[in-house]
Every structure is written in C-alpha cells, then in structure tokens.
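Asker: The residues making up each chain are set out below.
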Amino acid sequence: MSDRAKALSGLAVFLVLVAFPTWQTLGAAGDAARPELELPENETECIEETEYMSARHMELLNEWRNAVVREGETEYTSTAGETYTMSLTGTCMDCHDNRETFCTRCHDYANVAPRCWNCHIEPEGS
Amino acid sequence: MSEDRRTFLKEVGFAALGLGCGFPLVRAAFAEAQHGTNQDAEPSSQWAMVVDLEKCLNGEVRAACVEACHREHNVPEIPEADDEIAWIWDEEYKHVFPDQVHEHTPAELQEMPVLVLCNHCTNPPCVRVCPTQATWKRESDGLVMMDQHRCIGCRYCMAACPYGSRSFNWRDPRAYVRTDESGQPLSDFPTRTKGVVEKCNFCAERLRDGRQPACVEAANAVPGGEGALTFGSLAEPDSDVVRILGEKHTISRRVNLGTGPNVYYVV
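Sequence lines, in order, name chains A and B.
Numbered per the working numbering, the first sequence spans residues 53 to 178.
Numbered per the working numbering, the second sequence spans residues 42 to 308.
The shape of chain A in the complex, shown without the other chains (with noise of 0.2 Å):
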C-alpha cells in the first residue's frame, strides 16, 4: 500500500529531526578546548604547587580575606616555609600581572565570574 510507505517515511523524517540534539553532538564531542594561560615570566613556582592552586585557590584567597579583613594577619606562611604579604592586588597581582590572560580566560572556561573586581582595583598596568 503506498500509504504505508509515505507514513513510514514521514515517521523517519520526525524521528531523525526530533533526534537532532542527540545526533548532532555525537559528531560534534569532544572536550572544548583547554584554556591557554599565560604565565608569568619571571617567576618558576607559585606560592604553593601549582596543582593546589589552579584547583583550590579560591579557598586559600577565602582564608586570606578572612585573616586580613577580619583578624589583622597579614603574614602568610606556605607549606615550603616561605613568607609571604597576603595579598590579592599585592602578592598575585605581582606576578600574575595580567589578569586577561591568565584569571578571566581559566574563568570563562570554568564558567564562573568571581566579584573580586567590583571592588578591588587591578593595579596600574595590568
């Protein structure tokens, strides 16, 4: 019967059109692309290992503030025994002098806008 076969044909088209998001990122997947930063020139190691901080610097930058702001410390003393001005614009924003390139394309990429600089300002030249 050749209404059979326009309402089998029909029914496919509906199917693979309703299946368009699945089928459309089975071509497509893949991780997108990993962020590139730039860092800083002049300095080797940050003040921890570099896997701490790229995963829990917020924390650290939380305990800072709450130490600063609410406690008065301004010392802060890494696992390695070095000292440093527990700092935002201070100590990071020393050698991380570009913020562009190195904070804000890592949080596009994560998809998350910390407030930092509503309020705090970038020092000159960064």
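Watch out, some of these pointers could steer you wrong.
To be verified - Cβ-to-Cβ under 10 Å is the rule here; a few derived chain B residues that face chain A:
#1 Asn115
#2 Ile119
#3 Asp182
#4 Asp188
#5 Asp221
#6 Ser223
#7 Asp229
#8 Phe230
#9 Arg233
#10 Lys235
#11 Val237
#12 Ala245
#13 Arg247
Derived from the structure by calculation, the hints contain no laboratory data.
The model shown is predicted, which means the values in this text are computed figures rather than measured ones.
Yeah, the Cβ is synthetic: ideal placement off N, Cα and C, and Gly gets one too.
Dock chain B against chain A, hints included.
Answerer: Just chain B now, kept in the frame of chain A:
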C-alpha cells in the same frame, strides 16, 4: 489526710502564681548577667579622636580633611543628595549636639559647621544589630570595622546608628569614583559595590602601617590647622588625646544614649 480539698487548691494556686511571676524575673536576671559579660569584653585599647571646633571653623581645614579621606578611600561623589556617600563631612552644631542648644543659643553657634564622622563607639549599637557580623568591634584596638564581603545591605546598622555615620550604596559607586586620566581610581583602596553599607574606618589600613588617619594628616598640613584633629590611643596615658581630654573642656555626641562615642570635641 489532714489537708482538706480547699487548702490544697489554695496552695496549688499560690504556687502557680509564684512560678508565673518568678520566671520572668529569673529570665531577666540571666539576660542581665549575659549582657554584663558582653560589656566586660572591652577592647584592650581604644583609638579616639579629638576635634578642635575653633580650629575647624577654618573652611579650608575642614575641606582638606574631607578631601583627603574621600580620596584615600575612593568614596564616590554622587551629585544627588539622597544617594550621597560620606565618611566625614560638615554638619551644623545644632544637629550635631541637639541636646546642647536651646532657643536662646546664638544663631551663629547653632549654625556653626562641625566635622562629623563615625564615633567608633565603645558600645556600638550598629554592631549589636548586624545579622551577619559584617560590622564588628575590633578587640585589639576598639575600631568599629566593616567587612564588605559579608554585608548583605539590610541597613539595620544605619537604623541603629544615632549619628547617621553610615551611608548605603544605592547605586554602583564605581561610576562616581574619581579617576586619573587613564581611568584608574586615585587610591588603591577597594571601592564598595552596590547594595552595601560603608562608613569611616578610622583609617585602619594606615594604622596598620603606624601612620595617622588621612584627615588628621591633612588638617595638620593646612596652615592654621595644626592640631585641629588629634588622634591617639586612650589606653596610653601620655598620648595627645588623653592629655587634651584631661586639660580641656570636651564634649561628645549624645552621651546620654550610652553608646560611648570616641570622637571628642573641644568647645
């Protein structure tokens, strides 16, 4: 049984009455005891300021203080009075000391300009009402601090402060902060954000480095303004503020409220 029904009921009734009256008293006593311990935890030291009203009659001195403070802390200049932000400003004598004037006080005294700022009270009402502890009394030196990260903008502190020392950011202050030619704010002190409360911090960031507050420094730099503002610790018997408080007639704002203001005025 020797007790009859009538006596028994009477006794039960009196016992209930006694309990009913007694509990609130006991509760009140507990509250008093707790409040007492709060007051015991007074700061080990207390920063204070003495303002010389006569030296501050010089408009240049007052303007220099305001300018230095607002520049140092990136205080936005918002033209509309309703949304204004200020850490230190001029106010008329009759408004600063409403309990010091009467109908026969000379008009020129009533309208005399007086510099006002946060009093960093010994018993700050703003701290008591803050639901997030975004504002607190620092135990080491008695400053009433603000943690802008924690402020939720409820403005309870503004309602509690009897001096109107606090301002609310109704709009994003960044657009109103003065900048240099390259668009960089004049100071590296963090600005605030829309929806938080701010006030004078007695230059906590300068005190940390052993410097005097910006307003005090600015007043001393104006000819004739030397000693218009004096800053120091009440815990040090030989500090300038303690000396002036001991020698001269000073008043502070609305002392009858019990807030214990730490800004004093030489009259």
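Asker: Indicate, hint by hint, whether the structure satisfies it.
Answerer: Status of each hint after checking the structure:
1. Asn115: 8 Å, holds
2. Ile119: 17 Å, violated
3. Asp182: 9 Å, holds
4. Asp188: 5 Å, holds
5. Asp221: Hint on B/Asp221: holds, closest Cβ of chain A at ~9 Å, below 10 Å.
6. Ser223: 7 Å, holds
7. Asp229: 5 Å, holds
8. Phe230: With Cβ-Cβ at 8 Å, under 10 Å, it holds.
9. Arg233: 6 Å, holds
10. Lys235: Constraint on B/Lys235 satisfied, holds at 8 Å.
11. Val237: 9 Å, holds
12. Ala245: Where the cut-off is 10 Å and the nearest Cβ of chain A is about 8 Å from B/Ala245, the hint holds.
13. Arg247: This interface hint is violated because 13 Å lies over the 10 Å limit.
The structure fails to meet hints 2 and 13 from the earlier list, while all remaining hints are met.
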